[in-house]
Amino acid sequence: MTSMKNKDLSLFDGALLRPALAGAFAKLSPRVQWRNPVMFVVYVGSWLTTLLWVHTLSYPGDTAMPSGFVLAIAVWLWFTVLFANFAEALAEGRSKAQAASLRGLRKDTWAKKLKGASREDGFIPIQAPELRKGDVVLVEAGDMIPLDGEVIEGVASVDESAITGESAPVVRESGGDFSAVTGGTRVLSDWLLVRIAVNPGESFLDRMIGMVEAARRSKTPNEIALTLLLVALTIVFLVVTVTLLPFSIFSVQASGAGSVVSLAALVALLVCLIPTTIGGLLSAVGVAGMSRMMQANVIATSGRAVEAAGDVDVLLLDKTGTITHGNRQAAAFLPAPGVNKARLAHAAQLASLADETPEGRSIVALAQREGIEAEAVQGAVFVAFTAQTRMSGADLPAPALDLGGTPVPLRKGAVEAVRRHVEALGGRMPPEVMQAADEVARRGSTPLAVAEGARVLGIVELKDIVKAGIRERFGELRRMGIRTVMITGDNKLTAAAIAAEAGVDDFLAEATPEDKLRLIRQHQADGHLVAMTGDGTNDAPALAQADVAVAMGSGTQAAKEAGNMVDLDSNPTKLLEVVETGKALLMTRGSLTTFSIANDVAKYFAIIPAIFVSTYPQLAALNVMRLASPSSAILSAVIFNALVIVLLIPLALKGVRYRPVGAAALLRRNLLVYGLGGLIVPFIGIKLIDLLLAASGLV
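Quick note: the sequence shown uses full-length UniProt numbering, first residue 1, plus one each step.
The hints are simulated quantities; they were obtained by calculation from the structure and are not laboratory data.
One or more hints might be untrue.
Pairwise CB distance ranges, derived in the manner of DEER restraints [to be verified]: (1) Gln295 x Pro66: 47 to 53 Å; (2) Phe123 x Gly379: 31 to 37 Å; (3) Leu425 x Ile465: 33 to 39 Å.
The list that follows gives simulated cross-link-like pairs (lysine to any residue, SDA-like), each with its CA atoms no further than 25 Å apart [said to hold, decoys possible]: (4) Lys113 x Ile126; (5) Lys687 x Leu266; (6) Lys133 x Leu114; (7) Lys113 x Ser157; (8) Lys112 x Val198; (9) Lys113 x Trp78; (10) Lys467 x Arg478; (11) Lys112 x Thr241; (12) Lys133 x Glu153; (13) Lys113 x Glu202; (14) Lys341 x Pro407; (15) Lys654 x Asp311; (16) Lys113 x Glu140; (17) Lys467 x Pro660; (18) Lys492 x Gly469; (19) Lys467 x Arg659.
Where a beta carbon is used, it is the ideal one built from N, C-alpha and C, also for glycine.
Put together the whole structure using the sequences plus the hints.
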């Protein structure tokens, strides 16, 4: 199977076009049209001109406008409505195609539900839809994981390519941040005991399908604000247009010349004056924004989350895996005064035997290269790493280290955490060890301290490498006015060295979950929008607080529930792409709004002289395009008004290309390209349509 980002369909794919065309007609229902006030005015105008056309056929002498001209106006107004419906239906069709691809991954399968509390108690076969939250199932090699859950026992290799698109299997095991498993993935080796975390219909896959059903999305705050602006403009132009009829009647009576403006011409004027271009494409832009996020293999829970990504001005980034490669490796043992290097290596190795992190395994490997071979000690009680203690190790029986019969706590972890631990036991951190830790930190490496009881044995140096090109990426974000903050559990010296090399604006060292939450709230209190990534249960509070929270697909269930986006690739650097996609959404909406308002100017010059020139011949001077006739001018403007929606559909769905520039530069570019373009293009387009109409003799 392939990931969803490989399911992107071309705009001209028949699988999208045919349903979109049908959807365009289905959306002609008044209940649907009412949701878009601008296009509803066009919808009402279409019905009005259609009735006027019927009236001209029934009573040809009652109107000065030929029935063929009124019919042409009505037809092109209906086309305007249909084109706007088509744009929205096409955007929704792409999201529905993505949802359909997800449904193809969802399979009902048989599960092995445990009869008792352990694997030895046996199991009973049961269909996945009959499982309930809290049930424990056995999943062996070749089995499909029936529903989302947490691994409570076992270690296995799992194929998650159906969800993430990554062909390489991943290891899932009990405890830590890699215990979550997703329904629909397959176990390749060994076995797992999985406690089901959801009821049928509530799985991650089910939620993803619901997330991408963009047709049901609610409008975002910015979209609502823009809609209110468009409604206000529509009301203003509606009032202006309504007053033109009595004005025309008065003018004809006062001058004794010309003819009263027709209702069909007034409807055409109103439709061309109101911002129909952005009104027709606004919903499509929002739906397409969620679809583009989906193409990046990121599931957004709502359009609000995508839009918020575009407004983010503070990024909180984990150092490991985002700024650095994240494969920190033990590089050296630096013993304390009076401590043999072999003793430090032996103790560090013992403290890392139960540590399955890459750093822990690298310490064991380095000790082995140093000629130290340690095995698990009988009776040892291993202590797992936690974000609060920032230490791991083991409580060893005294004979293991020959210290006189008293059990010995062996600890390895952050220097400051080990220092507090040692002081609590009545010991102290030697100044030489602190100096060695500072020197390691200044090199940009991470120092880990190793303590045996109340005695500090020395430092283990972990090296990591800053990713190539990351400094330039942060420079681009800075030019956009986005502040970057690196989050790390390292001490301040190490954090400062990495931050300087990577080019971030600020950093938070020795970070705990509480520190992350406090930092986010502080930035939000200052009026900023904050984005962050996370994958562990300890990240959940901060993810829930952040405005844009991208949870890793490989992370815990708690992290996924707390975030408003899920990255199926589990790539921490995806946060940068998420922000860029959000920016592109806002840029697209702003660009189309600028173009829509600007292109109305040409329509003024086309229609205003046309409907009043018989009464006020002097208005012919405003016919700068030298249009063939008043009828041709009105019809050309209406046709252009409809066709421009079609021409802009690809831009609305694909989005304006993201450029990492500041707000002022972006505004200048928008005004130049879409503002000036919106002024010039309609003059050219209306004139070309007028020439075609004149050449064909239709007007």
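Checklist entry - If you check each hint against the structure, which ones fail? => result 9, 11
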